[in-house]
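There are 2 protein chains.
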Amino acid sequence: MSAPTLDSGATAAGDPVTAQVHALASAAKTASRRLIGLSTAAKNDVLTAAAAAIEAAQEEILAANATDIARAEADGIEASLLDRLRLTPERVTGIANGLRQVAGLPDPIGEVVAGKTLPNGMTLRQVRVPLGVVGIVYEARPNVTVDAFGIAFKSGNAVLLRGSSSAADSNAALVAVLREVLAAHDIDPNAVALLPAHDRSSVTALIQARGLVDVVIPRGGAGLINAVVANATVPTIETGTGNCHVYVHSAADLDMAEKVVINAKTRRPSVCNTAETVLIDADIADVALPRIVAALQAEGVTIHGDEDGMEPADEQDWSEEYLSLDIAVRRVDDLDDAIEHIGRYGTGHTEAIITSDLAAANEFTKRVDAAAVIVNASTAFTDGEQFGFGAEIGISTQKLHARGPMGLPELTSTKWVVWGDGQIRPV
Amino acid sequence: MSAPTLDSGATAAGDPVTAQVHALASAAKTASRRLIGLSTAAKNDVLTAAAAAIEAAQEEILAANATDIARAEADGIEASLLDRLRLTPERVTGIANGLRQVAGLPDPIGEVVAGKTLPNGMTLRQVRVPLGVVGIVYEARPNVTVDAFGIAFKSGNAVLLRGSSSAADSNAALVAVLREVLAAHDIDPNAVALLPAHDRSSVTALIQARGLVDVVIPRGGAGLINAVVANATVPTIETGTGNCHVYVHSAADLDMAEKVVINAKTRRPSVCNTAETVLIDADIADVALPRIVAALQAEGVTIHGDEDGMEPADEQDWSEEYLSLDIAVRRVDDLDDAIEHIGRYGTGHTEAIITSDLAAANEFTKRVDAAAVIVNASTAFTDGEQFGFGAEIGISTQKLHARGPMGLPELTSTKWVVWGDGQIRPV
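Chains as they are written, first to last, in the numbering used here: chain Z, 8 to 434; chain G, 8 to 434.
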């Protein structure tokens, strides 16, 4: 298979963008070594001060955002993207309140995850520590800039932010405020830095900065994530691609099925936990299928499938993450066939079954391989806030390190701290 | 930076080795879907039957090993490698007993790691599940073939083994026994497979088989690990590179320091937890340095450093993982200088301090960034068996997923199982 390429330009260390990224990463590494020593109270003080500073700087932030918006409009960027880019006084307050919320969350650093005393008298403690330097590659919304800083900082990490070029001015204004607050608290401001975003060479430099960057988290569409994964040498956590299914089992309550499918598709069609395919058991399809299709159509959803009156579906439709008011609908033979379909086309994000049959629910939750497997509820619940994490840095769809919504503990690692009194190991 | 390359040959899907690896990976994926349903008792039965089958097949296994040994001798392979490759009746029994030991360990699968009931009545359980298909790339010793199968199988994973070409016949004989035992227990034998090892194209195919392989663990020298990391698109766990330090602090008990340094260097110089550099605090160096150097020299260790009577050290010596009876010795100004040196040259494996000063011990364990930080004991203790894990698949030196020795739980992921009764998410 050929790897998607991030850019065709030079990525040698001599390249000026690469040199700049390395310098910022190196400074972030140095800053990160001091973050581990900060008390929870000191971190919370910074977060609440940063919230106040962002509110105080509302005027400058909105002015910078207006520049981004004007440039985006001149570039003819589509309305939905413009909306995600736009800041308002209410949104600035929301960003500030997000930091206050993170300040209120428990500090994961220092937690003793496991511990024991060995027969030779040595004591072992597995202690939660920061990852170090975390790189975030993201698109569009400027609020991610501050959210990511808040979560990374509370968990003791320095953060390198590679946002979208369309949000360059907004991001610069926000990061300037954050760095001022850090400096005012005698903390190395290099604990947060914005990477240049005019082309993708800064992404390449970031994801190959082994030894300087501990983890990269790409947040965005499948194209961005695949390109990062194919080119990264720094460990990465894949997030967010969601081809989520709702399987309406033969023993489903059809009122519930209709309600859940409508919510899973139409609540916010552009987010990763939206349902993209409905699988309907053949045993009930004659009744269930027309009813669910009609309900979806009444909400303005376009149906892709093999049945009469649908947009004809091809193989691609079963894999498609529409992220729009489109959904694929397919008749499946039985539970096995549904699980098989999900295994083939799913992205391991969120899969739901609607059933009143206990054995079917158990079989589905056991055999379906996904970050979240849901019985009788909407796929829309796969979300850090809904799961009660208080803050979320993304939703991992890979199996290493973290799976599903990632909160503060997911931005940490552990180390073994061993105390002895002169023990040596026999041959 | 330029990426190390694994091979210059074709790695397109049309390439026969790649096609073969994909076919084995696909079969392993299918097999893995059934492993998750096996009870602990069924898995333990297989492991104990496999132990007996390996003992029963001792003659064939030793004959295959003799072929490998003869080929290695004809190729002029060095004595230490020959020793690692060689099987004996005692070593075959040891391999079988390793499987029995894994059978006796707790089964991590199905453990509920976390759980809660949300305000809307939905229940969440975070359940431990297998990773799926695990690829292991390793060198030399044929016992790893069986050890890796045992740990992967007990934790519900299918395993693709890419061993050394020098052990090809031994590995084939061992895997044949394992597959026969699986088939005799009505388990898909594709849960374990040996990949072709005649060139590195099978490694490339394995580490780029996204969607078929869930995780790759390279076990071997720094060259192998760097090449895997640079070329992998499947998530990897880096293992084993250890440039470990012992820092003899100004408040060290010199009897203890000498005993620990000798053990950390000479117990088994070829393993990753061996000490490669001794840092001696300037405050005590006039006494401590000649004493520790003399003790090392008495054990046949060559000293690299800047002092009289040492092999002159250059920058490379501070980074070097000698894995031999060589060690670098350096005078450092103080605790800060020691931590700084370790931060610059260490590989994040194991770092030790010898001190009787509590504040120094605390500062060292807090600030040194490594998988294991040890106070007053030998670096040789960083090992799954020593830590009480019962079995070890390697020692992670990265910060994602697992850090330090990896046992059965480290070969698992989790999934969120959510039960509702029709909940939908408000807008």
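Hints in this document: simulated from the structure, not taken from any laboratory.
On a predicted model such as this, the values are computed, not experimentally measured, just so you know.
Take the hints with a grain of salt, since some may be wrong.
[As the list claims (entries may be wrong)] Derived lysine-lysine pairs resembling DSSO-like cross-links, with alpha carbons at most 30 Å apart:
| hint | chain 1 | residue 1 | chain 2 | residue 2 |
| --- | --- | --- | --- | --- |
| 1 | G | Lys266 | Z | Lys123 |
| 2 | G | Lys266 | G | Lys123 |
| 3 | Z | Lys266 | G | Lys266 |
| 4 | Z | Lys266 | Z | Lys123 |
| 5 | G | Lys123 | Z | Lys373 |
| 6 | G | Lys36 | Z | Lys123 |
[What the hints assert, rightly or not] A short list of chain G residues far from chain Z (calculated; beta carbon distances all over 10 Å):
| hint | residue |
| --- | --- |
| 7 | Ala59 |
| 8 | Ala73 |
| 9 | Ala175 |
| 10 | Arg217 |
| 11 | Asp221 |
| 12 | Thr248 |
| 13 | Asp260 |
| 14 | Gly307 |
| 15 | Met317 |
| 16 | Pro319 |
| 17 | Asp333 |
| 18 | Ala378 |
| 19 | Ala387 |
[Claimed, not checked] Label pairs and their in silico Cβ distance ranges:
| hint | chain 1 | residue 1 | chain 2 | residue 2 | range |
| --- | --- | --- | --- | --- | --- |
| 20 | G | Thr130 | Z | Glu306 | 22 to 32 Å |
| 21 | Z | Glu97 | G | Ser33 | 31 to 41 Å |
| 22 | Z | Gly128 | G | Ala30 | 46 to 56 Å |
| 23 | Z | Glu347 | G | Pro203 | 41 to 51 Å |
| 24 | G | Thr130 | Z | Arg98 | 51 to 61 Å |
| 25 | G | Gly111 | Z | Ala289 | 38 to 48 Å |
| 26 | G | Gly122 | Z | Leu365 | 50 to 60 Å |
| 27 | G | Asp428 | Z | Thr47 | 44 to 54 Å |
| 28 | G | Thr130 | Z | Ala289 | 27 to 37 Å |
| 29 | Z | Asp321 | G | Ala30 | 19 to 29 Å |
Here a beta-carbon is modelled for each residue, glycine too, at the ideal position from N, C-alpha and C.
Quick rundown of the hints versus the structure:
1. G:Lys266 - Z:Lys123: Holds, at roughly 24 Å.
2. G:Lys266 - G:Lys123: Given that 30 Å is the threshold and the Cα spacing comes to 50 Å, the pair is violated.
3. Z:Lys266 - G:Lys266: 71 Å, violated
4. Z:Lys266 - Z:Lys123: Violated, because 50 Å separates the two Cα atoms, which is more than 30 Å.
5. G:Lys123 - Z:Lys373: At roughly 19 Å apart (the allowed maximum being 30 Å), Lys373 of chain Z and Lys123 of chain G satisfy the hint.
6. G:Lys36 - Z:Lys123: 36 Å, violated
7. Ala59: 30 Å, holds
8. Ala73: 28 Å, holds
9. Ala175: The claim stands: Ala175 of chain G keeps its Cβ more than 10 Å from every Cβ of chain Z (closest is about 27 Å).
10. Arg217: 8 Å, violated
11. Asp221: With a cut-off of 10 Å, Asp221 of chain G comes too close to chain Z, as the shortest Cβ separation is near 5 Å.
12. Thr248: Given a closest Cβ separation of 12 Å, the condition holds.
13. Asp260: 7 Å, violated
14. Gly307: 15 Å, holds
15. Met317: 24 Å, holds
16. Pro319: 27 Å, holds
17. Asp333: 19 Å, holds
18. Ala378: 6 Å, violated
19. Ala387: Violated, because the least Cβ-Cβ distance between Ala387 of chain G and chain Z comes to about 4 Å, which does not exceed 10 Å.
20. G:Thr130 - Z:Glu306: 22 to 32 Å: 29 Å, holds
21. Z:Glu97 - G:Ser33: 31 to 41 Å: For Ser33 of chain G against Glu97 of chain Z, whose Cβ atoms are near 51 Å apart, the range 31 to 41 Å is violated.
22. Z:Gly128 - G:Ala30: 46 to 56 Å: The hinted range 46 to 56 Å holds for Gly128 of chain Z and Ala30 of chain G, with Cβ atoms some 52 Å apart.
23. Z:Glu347 - G:Pro203: 41 to 51 Å: Given a distance of about 30 Å, which is not inside 41 to 51 Å, the answer is violated.
24. G:Thr130 - Z:Arg98: 51 to 61 Å: 34 Å, violated
25. G:Gly111 - Z:Ala289: 38 to 48 Å: Holds - the Cβ-Cβ distance for Gly111 of chain G and Ala289 of chain Z, about 46 Å, lies within 38 to 48 Å.
26. G:Gly122 - Z:Leu365: 50 to 60 Å: 19 Å, violated
27. G:Asp428 - Z:Thr47: 44 to 54 Å: Given a distance of about 38 Å, which is not inside 44 to 54 Å, the answer is violated.
28. G:Thr130 - Z:Ala289: 27 to 37 Å: Hint holds: Cβ distance 30 Å, inside 27 to 37 Å.
29. Z:Asp321 - G:Ala30: 19 to 29 Å: 26 Å, holds
Violation of the numbered hints given earlier is confined to hints 2, 3, 4, 6, 10, 11, 13, 18, 19, 21, 23, 24, 26 and 27; the remaining hints are satisfied by the structure.
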